[in-house]
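A.B. asks: Residues per chain are reported as follows:
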Amino acid sequence: MSIIEIKNLTKIYDGSGFEVKAVNGINLSFEKGEFAAIVGPSGSGKTTLLNMLGGLDHPTSGEVIVDGQNIWKLKSRKLTDFRLYNIGFVFQAYNLIPVLTAKENVEFIMHLQGRSKKERDSRTRELMQAVGLEERMNSRPSKLSGGQQQRVAVARALASKPKFILADEPTANLDSKSTETLLDIMEHLNKEEDITFIFSTHDARVVKKARRVITIEDGKVKSDEVR
Amino acid sequence: MNNLKIAWRNLWRNKRRTVVTSASIFFGVIFATIMTSMQEGSYDTMVDNIVKFYSGYIQVFNENYWENKTINNTYEITDSLLKKIENVEEITHFSPRLESFALASSSDITKGALVIGIDPEKEDQVTEVSKWLKKGSYLKPGDQGILLGMDFAKYLQLDVNDTLIMLGQGFHGISAAGIFPVRGILEFSSPELNKVIYMELASCQEFYSAYNRVTSLVIMLKDHYDIPVALKKMKESIHAPYDVMTWEEMLPELVQMIEADRAGGVVMKVILYMIIGFGIFGTIMMMVQERRREMGVMVAIGMQRIKLGNILFLETILIGFIGAFTGIFGSLPIIGYYYNNPIRLTGEAAKAMIDMGIEPLMTFSWMPPIFYNQALTVFILTLLIGIYPVYKTLKLRIDQALRA
Chain A
1 MSIIEIKNLT KIYDGSGFEV KAVNGINLSF EKGEFAAIVG PSGSGKTTLL
51 NMLGGLDHPT SGEVIVDGQN IWKLKSRKLT DFRLYNIGFV FQAYNLIPVL
101 TAKENVEFIM HLQGRSKKER DSRTRELMQA VGLEERMNSR PSKLSGGQQQ
151 RVAVARALAS KPKFILADEP TANLDSKSTE TLLDIMEHLN KEEDITFIFS
201 THDARVVKKA RRVITIEDGK VKSDEVR
Chain B
228 MNNLKIAWRN LWRNKRRTVV TSASIFFGVI FATIMTSMQE GSYDTMVDNI
278 VKFYSGYIQV FNENYWENKT INNTYEITDS LLKKIENVEE ITHFSPRLES
328 FALASSSDIT KGALVIGIDP EKEDQVTEVS KWLKKGSYLK PGDQGILLGM
378 DFAKYLQLDV NDTLIMLGQG FHGISAAGIF PVRGILEFSS PELNKVIYME
428 LASCQEFYSA YNRVTSLVIM LKDHYDIPVA LKKMKESIHA PYDVMTWEEM
478 LPELVQMIEA DRAGGVVMKV ILYMIIGFGI FGTIMMMVQE RRREMGVMVA
528 IGMQRIKLGN ILFLETILIG FIGAFTGIFG SLPIIGYYYN NPIRLTGEAA
578 KAMIDMGIEP LMTFSWMPPI FYNQALTVFI LTLLIGIYPV YKTLKLRIDQ
628 ALRA
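Quick note, the sequences are listed as chains A and B, same order.
Each residue of the first sequence is one higher than the one before, starting from 1 at the first, in the working numbering.
Each residue of the second sequence is one higher than the one before, starting from 228 at the first, in the working numbering.
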């Protein structure tokens, strides 16, 4: 059964005197536990699609249905709450909160969910262990390497126990070794904990690991290959 | 991780900027506090001096006297009235007066004059009349003589031990006439007071046939900060046919003068706080602009915009608080020092003050409102500026912020 359904999703940007169809009538669905990569050249509409999927960018038309709920019918506050409880985000530039330590960054999202300190502590420890950064829990992001920051970002994305994780070019700023480590961690979490991962990427190493590859060009799905 | 903790840490992300912004508030607050303290200190001195000169802080009249200042609108001081006044602990001294007018003559010259009957001892405690004595001696209890203002004495070509003839209308139209020896000549710094005639109260009452009657009781307090409490107590116990008035009601032109001067200070402070305000606003604008992406991330991962707005609002308030409180604490030793060691003026300014009978000192005020009003102003200022980041958060477009 699909947990995400995308129906005729379109995003048109108004330029000066012309329109740009960044996403053009895409229909897709994702099952629980998928490890899917959305690939395509720069400007093909990958990030726009991911943003609409994650409730960050309003579609011009179409629907994003998560567990039977069209998320774009939700009011702003409800949509924020929806993201908080259902979606984990991993961004290209890590985007950790610089004034918080690695531990606090992971904990932060659970704090927003109103979870108890005991629960926060134990889950943070568990996640930091899962991403191999238990020793660096009290370091601020500025004291961590890019790869370490991205691993903290993965832990943060998982902290809220989301239904799925959206990762926008998560390896774009990482070296080979960090990319390998990160992908192994994500693959492990996907297999062991049945967490759904959807990436946008044009990194061949990510594509190689993905079990489903959706290719987008000019805002349209060119191919959808399940391995 | 509560909002305050995040806001506090955010504040120190860019230490130099926070320090510079807080320093601008710090210096602004110090300047405004010292300026206000100096201004209020000089008003306190001015009021206390002028009040000690003649009017006292409060006076008790017959309820009709202020509207129609005739000797018929006088009253007798009853024991009950005296008791009520003595019960007000803020009152340090009080003195009865009988005031009216008379024609005063010496040989060929005649002139109208204000005649003030006083209790020499009590009046001296209230207005220190004796310190203005230029020639002769001060009045004694039961004295039948008079004291003349310098200008009046000169006009009538009178000196100590000369006699003055006075004619006037007494209580309920009775003719008032008498010859009085000049006991002394007073030289006040106020030209108005240099035209008056002082008499001993009983002698004055006899002259006007206004036995036991007075026009007013002049009340002295420790300082004018005691007025509200003393006035409240007096108004609660003293009713018709009496009327209780403060110096502010009796000397409205002095109040206007202080208010006009204070308005000048307010304009200065408004300009100062506008400069500070735009400084803070510039910092907050930069801060919001620099952190757009981070704000986008926080909302993206599930933080409600209003909560994020609260954090930014708190940061703005904290900058203001740091500046305001350090400024107030910085100004305390300076004001404290000058409060205890007023600046002694020299030159023309000093001369003008001495001529007015005021010690040539620039005094500072130590009243709490001088300090907390600055904190309140900065708080309101930052409160207003804090609306900006909240507004920007509420209007934030996440997709654009993430690309910032």
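Worth flagging that the hints you see were computed from the coordinates, not collected in a lab.
Mixed in with the good hints there might be a few duds.
Reference excerpt, derived from the structure (chain A facing chain B, CB under 7 angstroms, subset only) [stated by the list, open to error]:
hint : residue
1    : Tyr13
2    : Asn51
3    : Arg83
4    : Glu126
As a list, the in silico BS3-like pairs of lysine-lysine whose alpha-carbon atoms are at most 30 angstroms apart [unchecked claim]:
hint : chain 1 : residue 1 : chain 2 : residue 2
5    : A       : Lys73     : B       : Lys622
6    : B       : Lys232    : A       : Lys78
7    : B       : Lys349    : B       : Lys361
8    : A       : Lys118    : B       : Lys349
9    : B       : Lys534    : A       : Lys73
10   : B       : Lys242    : B       : Lys367
11   : A       : Lys161    : B       : Lys534
12   : B       : Lys622    : A       : Lys7
13   : A       : Lys75     : B       : Lys622
14   : B       : Lys358    : B       : Lys381
15   : B       : Lys242    : A       : Lys143
16   : A       : Lys208    : A       : Lys177
17   : B       : Lys279    : A       : Lys161
18   : B       : Lys622    : A       : Lys163
19   : B       : Lys232    : A       : Lys143
No residue lacks a Cβ here, since even glycine has one placed at the ideal position from N, Cα and C.
A.B. asks: Are the hints correct? Go through all of them and say.
C.D. replies: Quick rundown of the hints versus the structure:
{"no.": "1", "hint": "Tyr13", "verdict": "violated, 10 angstroms"}
{"no.": "2", "hint": "Asn51", "verdict": "holds, 5 angstroms"}
{"no.": "3", "hint": "Arg83", "verdict": "holds, 5 angstroms"}
{"no.": "4", "hint": "Glu126", "verdict": "violated, 19 angstroms"}
{"no.": "5", "hint": "Lys73(A) to Lys622(B)", "verdict": "holds, 19 angstroms"}
{"no.": "6", "hint": "Lys232(B) to Lys78(A)", "verdict": "holds, 26 angstroms"}
{"no.": "7", "hint": "Lys349(B) to Lys361(B)", "verdict": "holds, 20 angstroms"}
{"no.": "8", "hint": "Lys118(A) to Lys349(B)", "verdict": "violated, 77 angstroms"}
{"no.": "9", "hint": "Lys534(B) to Lys73(A)", "verdict": "holds, 23 angstroms"}
{"no.": "10", "hint": "Lys242(B) to Lys367(B)", "verdict": "violated, 73 angstroms"}
{"no.": "11", "hint": "Lys161(A) to Lys534(B)", "verdict": "holds, 22 angstroms"}
{"no.": "12", "hint": "Lys622(B) to Lys7(A)", "verdict": "holds, 28 angstroms"}
{"no.": "13", "hint": "Lys75(A) to Lys622(B)", "verdict": "holds, 14 angstroms"}
{"no.": "14", "hint": "Lys358(B) to Lys381(B)", "verdict": "holds, 20 angstroms"}
{"no.": "15", "hint": "Lys242(B) to Lys143(A)", "verdict": "holds, 18 angstroms"}
{"no.": "16", "hint": "Lys208(A) to Lys177(A)", "verdict": "holds, 15 angstroms"}
{"no.": "17", "hint": "Lys279(B) to Lys161(A)", "verdict": "violated, 78 angstroms"}
{"no.": "18", "hint": "Lys622(B) to Lys163(A)", "verdict": "holds, 28 angstroms"}
{"no.": "19", "hint": "Lys232(B) to Lys143(A)", "verdict": "holds, 20 angstroms"}
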